[in-house]
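A.B. asks: In case you want the letters, here they are:
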Amino acid sequence: MIYSRPLIITILISLIIVFAHACGGNDTSERPSGQTGSAEPALSDFELEHGIGPVTERIELADEFDPDLVEKGRNIYEMKCEMCHNMEGRMVGPELGDIMERRSAEFVMNFILNPSGMVREHPVGQELLREYMTAMPFQNVQEEEARAIVEFLREYNELN
Amino acid sequence: MTNNKSKTLRGLLLGAGFIAIAAFIFTGCPSQQRMLDTGDAAQKVYVAPGEHDEYYGFFSGGYSGQLSVWGLPSARLLRVIPVFSQDPETAYGYSEETKPLFETSYGFIPWDDSHHPHISQTNGDADGRWIFINANNTPRIARIDLTTFQTREILEIPNTGGNHASSFVTSNTEYVIGGTRFSIPYEEDLDVPIDSYSDAFRGALSFIAVDQQTGRMNLDFQIVVPPYNYDLGRAGKGPSSDWVFFTTYNTEEAHTMLEINASRNDKDFIAAVNWRKAAQLVRDGYGTTMPGEYYHNYYSGKQGYAVNDVKNGVTVLDTREIDEDFIYYLPTPKSPHGVDIDPTGEFIVGGGKLATVIPVHSFSRMLEAIENGNIIDRIDGIPVLDYDSTIIGEVENPGLGPLHTEFDGQGYAYTSVYISSEIVKWSLETFEVVDRIDAYYSIGHLLITAGDNVNPEPRYMVGLTKTAKDRYLPTGPKQNHPAQLYDISGGRMQLLKDFPTIGEPHYAQAIRADKIVNQVAQIYEMEENDHPHAIRRITENRVERDGNVVRIFMGSTRSHFRPDNIEGIRVGDTVYIHLTNFEQEWDVVHGIAIKGANNTELLVAPGETKTIKWEPVRTGIYPFYCTAFCSALHQEMQGYIRVSAADSDVALSWKTGTN
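If you read the sequences in order, they're chains A and B. Be aware that the first sequence starts at 3, since it is given in our numbering, and climbs by one per residue. Be aware that the second sequence starts at 885, since it is given in our numbering, and climbs by one per residue.
No lab work stands behind these hints: they were computed from the structure. No residue lacks a Cβ here, since even glycine has one placed at the ideal position from N, Cα and C. Treat the hints with care, since some could be wrong.
[Claimed, not checked] Sample of chain B residues with no beta-carbon within 12 angstroms of chain A, all distances over it, derived:
#1 V953
#2 S1004
#3 Y1170
#4 F1315
#5 I1386
#6 M1410
#7 R1421
#8 F1466
[Said to hold, decoys possible] Computed Cβ-Cβ distance ranges for the label pairs, DEER-style:
#9 B/N1102 <-> A/N159: 38 to 46 angstroms
#10 B/Q1519 <-> A/E160: 35 to 43 angstroms
#11 B/E1412 <-> A/N159: 29 to 37 angstroms
#12 A/M89 <-> B/E1177: 35 to 43 angstroms
#13 B/Q1096 <-> A/E160: 34 to 42 angstroms
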């Protein structure tokens, strides 16, 4: 017998190794970072309380309402929010008449300014999405406009 | 026996193993073998998922009337911008806002043949503000805004039959030019025998001024010229930027069987027009006013309805009546098609369609010939320059039927050649062909990235071909027109990709994406919505009746309409639904379709207001729904309209939200 069985097996295994290494160019074991979505970053105490978004510090709220700011906020609210929110009773989204009792000003602003981030990463946002099934859209509202909406909602809450 | 079998098996296995090793050593992996066959073409056109292309390509739709937008080098279709033809998908040409764009002095024209898109320029380079495109059949020019990718304006061109030599811009977009492919009667009496061609017919070259702030077009003047066919045009560059150039054929003045009768002369002309001087002559009062109605249609605000500005009369310069010379004929062989100016502005390249050479005129020699009076003839006052005094080179052996030329800025020109179906690359120094490559099949125009600019970018070339035949899976007797993408960054042209397109991609331009991408609008801002029938507060949703006209002021957001229950519409009413999309998030679109509506749906971008006209023909409950898959509750986004008999007394009412 010229060729032993182990020799044949060795040659075949070698061939498989050669092919596997030489042609294995489409290795998918390394994923680009940020694509897995499995590990949620831990939220800070501030973020848990006041939301995730551009507002990262407490803002000062005067006891007196600023009437100009209230009016500005009302305009934006009517143009960009009222389609989906009632002051009393749920609609597409939650009722907002008492929102300033339930959430901080910073939380409301971050939800307006970063709605997709809030429903994706914040436990309250995730819970709201499960409940309402419609993700709140970004309505092209700037930070100072979100502040004005908060002022309008504060006054509404106070008067009603 | 068993042992023998075993030996045989071992032998076979070993043999197979050695063959496999040998095959691997000599040819590599199967997948690498395919790569070797096509070179690195696949790699060069690969744009990874989620990544963006390097160039926007704007391809005319030819007989589709539209303008398609492609990413290059991937050749991914990004969008089809409707321009001269109705588009039920977007309601373009069906919505009340866009219908006025199609009005002409011949009435409502819902189709045309769009040929030559041209991006606005600053200092001879494409700047990405607007793109213009011509309608060939019922002569018009459209302007598309490259922030919204929306047709904003259509200007009818009077005294013109087939606006083919259009819509090329001058170096700083001072003018968009147009030229009549058919000469037609130009005088007030249009009802003349066709046999009176040489006496009664005239050509017209049009100069459309562009407002640099708004882009708004204005037909500044026309030049009346002898009754030839004015085929294509291009503006000069650098030293020649005060000039535009048009090709002519049919200097024989044939009006029947042009195939034979317009191919007799050995030379026709390139018309060189000093547009700056012509414009000055107009300012100095040399023009006369020619009557003639034409439509100028445009949006006067950011949103709202396009308006029809009906004009009458155009200022005309007639070479027969003006002593000043501002236009010259350069004899050019033979029925030249394209005329293209190299990046330095010096070389005027004729596409000698029926010629055996590519003729190249020199702009500086042309100026000398004018200065030295090398004039061999005058036709209707237009000086004809001596061929030998303007020509600087004739490219020999260019193939059969050279048409169009673009440039790489590295000293080379690339000319499409129709009959022999190829592209030839030739040197602007030696006027010799240095490379050639096949086109599949029958190439018309070609584009080079920024290839008609002062600063071309020698990256890619696209050949726009006229028949596909066997290039793709067959789809019946008529195949879509192809385009081929080539790499021209190396010494030789390399075919990278072959892809079917929309309509007839007649001419196309490509602009580096970074010149446009940052200006593109993602929404229509609600604060700036100046549509007269927009609602800016959802509480303004309502229905109004004025006689038989009913207006529904409706709002949409994910995932409902307001109002969504409407009663009190009667047969015989004309109903306008003004839908404002309250979304302010990029690419969140809502639509509306109504059962029995005999035109189209609406598709409304974020922050936009659009209107559909609906004339219900019989009583009943009419469902309507959102046509754009907008959310998880898209299928819930619906409503009902009750249509009662013409004499019904059902009160007009509307509501949302409470059963």
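A.B. asks: Taking the numbered hints from earlier one at a time, note which ones the structure violates and give those numbers from smallest to largest.
C.D. replies: 6, 7, 8, 9, 12 and 13
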